[in-house]
Amino acid sequence: MHHCSLFDDSEPGERRQALQVELEAVPELWRATLAVPGEGHLLRSPGQRMLVLGAGPLVHVARAFADLREVHQHGPTDAQQAGDPRIWRDWDHVVAISRDGAEPELLHALRHLPPRVRRTAVTTGEHSRVAPLVDDVVAIAATGGIVSFESATLVRVRQALGADLTALPALAASVLAGDVPVTAPGVDHLLVVGSGWTAALAARAAQSVAAVAGFRAEAYTQRDVRHGAAQHAGASTLVWFLGATPPELVDAVPKGAVIVASGRDPLIDYLELQRLAVQARAGEPPPLRRRDLASRLVA
120 MHHCSLFDDS
130 EPGERRQALQ
140 VELEAVPELW
150 RATLAVPGEG
160 HLLRSPGQRM
170 LVLGAGPLVH
180 VARAFADLRE
190 VHQHGPTDAQ
200 QAGDPRIWRD
210 WDHVVAISRD
220 GAEPELLHAL
230 RHLPPRVRRT
240 AVTTGEHSRV
250 APLVDDVVAI
260 AATGGIVSFE
270 SATLVRVRQA
280 LGADLTALPA
290 LAASVLAGDV
300 PVTAPGVDHL
310 LVVGSGWTAA
320 LAARAAQSVA
330 AVAGFRAEAY
340 TQRDVRHGAA
350 QHAGASTLVW
360 FLGATPPELV
370 DAVPKGAVIV
380 ASGRDPLIDY
390 LELQRLAVQA
400 RAGEPPPLRR
410 RDLASRLVA
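Convert by adding 119 to the 1-based position in the sequence shown; the result is the number in the numbering used here.
Derived from the structure by calculation, the hints contain no laboratory data. Among these hints, one or two may not hold up.
20 Å max Cα-Cα, derived EDC-like pairs, lysine to aspartate or glutamate [as the list claims (entries may be wrong)]: (1) Lys374 / Asp283; (2) Lys374 / Asp343; (3) Lys374 / Glu337.
Bear in mind that the values here come from a model prediction, so they are computed numbers and not experimental data.
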């Protein structure tokens, strides 16, 4: 199977086809992820000071994980790009997120940790190259590309931290069976807006759509909507809010922009953004339907 990733050098059509196949497998992947018992304590590690490492685009997953763990009050949590280490802090536990465990910068970082630090890898299996360098492996059943692994990892993390995601796979299947809900002719600019852990998800979504669809894509936090996002939105802009969004922030987007503020689980919106990228044509807006004739759309 061809794997689609941010740094894939295949043709745009091949990337979109690979991503489409990957998305179709997501509901079953999420079911399998939720069905795996145990290991949640490794991601919670209550009271310990934790560092989460990610290489390449997985740094966004690391940042989302760090935010979620602190929100659930399991202890101070930092996230870093594995290839850009900062001054060492007195962490008790390092979690390395890697799909195949082969990123040289991640392996280098793990080899140079102080001996006393506990190491856990979140990866696709115990036979990953990263496994000999860690104390524990949290296995993710993703066999596709990076989008599958990212989403399944966030499902596992959220489950470990106490979220009830039982209904999420069925919701994903229902959404993927329908049409991509929104856009309008002439849209070639995407703004993705998140808050808390979804700010990292927004950054990753913008990065991914830009790579696959060729859109100009940016990410903002909710606090920046009145500043950066409001200044950059126009008639050719699609503004996509992840998760629950205060109505006043939606109203802050300039008139004329197309807006999605569904309030659904942020991972569902993440899938929808990937679908938008799949349906885009190189250099053209994606041929998607529009639900109303107004200049503004709130889903």
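So, going through the hints one by one against the coordinates:
1. Lys374 / Asp283: 37 Å, violated
2. Lys374 / Asp343: 17 Å, holds
3. Lys374 / Glu337: Between lysine 374 and glutamate 337 the Cα gap is close to 19 Å, so the pair holds against 20 Å.
In this structure, only the earlier hint numbered 1 is contradicted, and the remaining ones agree with it.
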